[in-house]
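Enquirer: Generate coordinates for the entire structure from the input sequences, incorporating the hints supplied.
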Amino acid sequence: MKRSSRIHYILLAGVLAYGLVISLVKIDYNSVFVDEAYHIVMGRQLAAGEYCPGCPAHTGSVMTWPLLASFGDAFGGLYGARIMNIILGLALTVCIYLATRILAGKDLGLLAAAIFMFSGQALYLMKLATYDMTAALFLGGAFLMTVAAHRAGSPAYEATALVTATILLSLSAITKYLLPAFIPVFLIYVILRHGVMNAILFALAPLTVFMTMFFWFSPYPPNPQVIYQIENAREVSSLPLATIFDWTFRWLSLAYLLAAFGLFHERYRRLAALLILVSTPILLIHIITRAETSVNKNVVFAIIFLAPAGAMGIDHIAHLFSMRETSRAVKVFFTVSVITIVWAYGINNLRWLEKQHPDVTPVIEYLSRNGFDGMTVATNGWDGVMYEYALESEYPGARFDHITWFIRGDGDGRRLDERVDFVICEDDYYGKHYPSERFRDILDSDCTLLEDFTIEHSWGETHALVFGRR
Amino acid sequence: MDFRNLKGERLRRVVAVLAVAVTIYYLYWRVTETFNPNALFFSWTLWCAEVFGFFTTLLFYFTVWKPTTREAPEPLEGRTVDVLIPTINEPVEVLRKTLLACNDLKYPHRTLVLDDGGRDEVRELCEELGCVYLARGEHENAKAGNLNFGLEHSEAEFVAVFDADHAPLPHFIDRLLGYFKDYELGFAQAPQEFYNIDSFQHRVSPEKKYIWAEQGLFYYIIQPGRDHWNAAYFVGTCAIIRRKALDDIDGFATGSITEDMMTSIRLQSEGWGSVYHNEPLAYGIAAETIVPFHIQRRRWGLGGWQVFFKANPFFIKGLSFPQRLCYLASLIYPFEGFQKLIFYVTPPIILFTGILPMHALDIKYLLHFIPYYAISIYAFNEMGRGYGGNLLLEQFSMGKFLTYISSLFAFLLPKRSRKFAVTPKGSGASSGRYLTPQILVVLASIAAIIWALTFLLLGKRSDEFIIAVNSLWALYNTGLGIGIILYARKKSSQKRENFRIPDSIPMFYRYENGEGREKRIAVADNLTQEGISIMTIGKAPSVRKIGLELILPGGNIETEGYITHSRTVKANGHLASRLGIKLNGMPRSRRDRLTRYLSSSSVSKFLSEFSTRYETHLDRRLKKDEDLPERARRVRSWLPAVVTNGDSRPRYSAIRNVSETGCLIATEIPVEPESPVKIMVIVGQDIVELDGKVARTTGLPVEDFPEALMGIEFDEPESESAKYLVKIADQIGELVE
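Protein chains in written order, with my numbering: chain B, 1 to 470; chain F, 471 to 1207.
Quick caveat, the hints were computed from the structure, so don't treat them as lab data. It cannot be assumed that every hint is accurate.
Unchecked claim - Mimicking PhoX-like on lysine-lysine, the simulated pairs with C-alpha atoms at most 25 angstroms apart in a straight line are:
1. F:LYS679 x B:LYS331
2. B:LYS355 x F:LYS930
3. B:LYS331 x F:LYS678
4. F:LYS960 x B:LYS331
Expert: Below, the structure written as structure tokens:
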């Protein structure tokens, strides 16, 4: 192997190793997040062939990620489940590297891998045991196979690559409810690039077959509840356009800025434009619906395409800032400088993301100290599963449920069921979703405040109140 | 450049208008909605710098709205012309070259050398070459005073002015004098061209055959643009001026060390017209390193301030409004130093302090800034008609920003610091202290980036997007700084005394090989009066001393030389050698002949192979509609050849470049386009014969050296012979430094 190739692969390994180390070092950054607990529990139920009460509400995702999460959980608990995503994240980075390498050469492939791996979103989602990284890997795989089909040497290879891309895209679509947005983009591209006949045979037909099979065989096919979820997300989090715009681009400004430089790349400007275009569907959904729910995580699907465009941008910046001099050292200096900025930017974003969800460790520890097996805990949010998962080894017989299950009577005569031992009232990370004020009358009449935990977030403070039965 | 045939001119103007509209909106939005109330001074400062940029751009668009293309009229006959050459301390060899070129001017004239240095060797040179030597006792008013002293000794109707390093082509006067049929014409100006394209202010792409010159924008587009408004300006050299016009303004203007601009203003304010003839008619020496560049620009800056405050064209009577605007555009350029300084210090201030000159740097700001910036760059590029080169212009702005600022202080300080400083010719002085401002900008920018990123990583700052954007801005400034520093250092370490002209001429060389005298044919290039390089097929001679016979049109030059170095490579079964030769013992007359050839024919030939204009985006878009055949790859060649045309005597030539479909040669044979030619290329012992026809010819200007450049199309394209030649040319190209 040539020296330059050796250095190249060492650098690529370094990028992957960085992702691995950063993810592993702070894998315990937060207590279990409600979606993590949901997915793991669902996965267990699916794997055991049991009835899965949460599954209908998570249609699609139940077929992929929860099973992987429960697999990881079986080996290492929450951290095991998170490590599964680290592996998927590393695989996705390799997909982005390979796709960019095919499109624009190995140096730009390396840059794209670095941009992705240094982004806060990628690092965060690698250690958040939810379905996002699985969906992202399927999307990244579809991207890689689409690119491979584009550069295919033979019709058979082209057909195989296109069919594989279609299947991977279908998998991503059933994993995350937002990702079907990429299907029309994919089909248009295949029609334009490979012709109508190839699009019908190797994209539309496999897609139809896959989706039919999914609807036919899936134990929890899509149902109105999913539509309700999306609609609900839009209603409860609808924000002014300027705010959603700011909030969306807060995470993507630098990626788009770098990609914008790619538009001026002498060789890859059209490719950069195409990649920028492909990155937009998810953002458009958020902007059009004005729903901000999970936008800071969903932008990872845009970064998959912005990373190669950004690599072209960095290459152009290095070319431009080195004043088109042929000195390789000057070019390398600017490339490294820009990557350093990307890295620092990503670290800062990661720090923010790690503290966006409530770290309820103090509440879990409180219950661990003061609770007992068989206790009944009411929560003001739909996150009882979180405590159930965290405390299941200590209190296998404990029950955690939403407070509404324990309210008797209505109007002014509402009372809390006598079976309830503790009530946990959190200002959820939305703050407005499950305000404890709704239950103030019950808490005042039937409960005593035992603890008031202050939870610090990257965006402010919230409180978790633990009440005991009066 | 013929602007009449340039496509898309209307579209260019539409783009410019659009850019102006977008910029006005952007600046309005900036001032009304973005200022940081906690940093108003900072906000206003940056905004003012942006407004200055807009103002200069607006004036630029106005100036270059409709650049002229002129065809030289027949010269006036029987008029008297005196050529004035002001000099003070330029090397005599440089002056000799200029005077030899002046003697070659075809139009009857006298040459007056105005020596402010009072040097005996210049006096002797003038006697030898038949020029009039004049030296004044007092040296008041620098160059302008010297020129006025020349006027006192001139009775001619017209005076041509050349700097001491500017060698005119023989048809200089013939090209410009015809314009004076217009009795109201005060002066006719030609571009100030430079042949030393390895200078500090040139960038060359040998592969693309493209030269970017820092003053290209001025000479190739601004001056033709000003010409449209009757505001072309006299640049102190390469011009002919009507004596009566000069008498009207009491001679060349004094009171400013940029006497040229002041003289132009006075002439035009008296109602005299001006013409800009956009054709290279003289070649001089550009500032070779940053040192003379700095001295020259400081002088221009100081002169600009003097004119701005003492003879501001906006308040002088007699100028038209467009003329005032054109002069304003030329006068405010020293302010650019302050504008650039603001742009260089803003990102470090933001990165160090976190204070913004706007209340937020967010997506809304970028959505305003990016379209404004993109369309401004695009419009500038298009209105520059391919002579702009934003990035290189920015790099040079970095190179001279403090020069302009210091020129203001020189203007404000006591008079002694305002002394006229001649631009030194040749390299030598250290560039170190002239690069201090750029080094400081680079260091401050890098330090600021490190500082801000460290604080970001430590969690002490959370304005990550502001830091990222300003780090990119600071990096850009760093790039500008590093670019100019590296280039300046590269030029400073350049040891060559003179620019080697990359012309190729056929030649013979002779040497003793032990068995007797051997004579071989070769091609000479990298030509100077002191030395040449030789490319020859065969092994390098093992002796040091060789005889040389340069085959020039109108008669060969024989001399001797020493081989200083040699290198041999294998080329397609042959040995090819590259020899470095120091010329020795050439008599003065032959040396002068070589000098005359080099400064006229050779310079014209090699520069004609380069383009000074790049294609803009609109050019490329509009060209797509044309069905142009793809041009075969051309390879520079150093192969000698014998060319015949019908009954004419065979002549030696050098193949300048070759492709599989044709070649370019320079030869003495007068041939018309479409004429058949036979070329026998000499590759060692082999002769490769090719038949073709002349596709185009370019005549060269010197009568004593009758020669033409001919593009030949082979009768049989992609023949084995042509492929063989391309392969050999490719391989021997490795020998060239």
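Enquirer: What are the numbers of the hints that this structure violates, sorted from low to high?
Expert: Of the numbered hints given earlier, the structure breaks none, since each of them holds.
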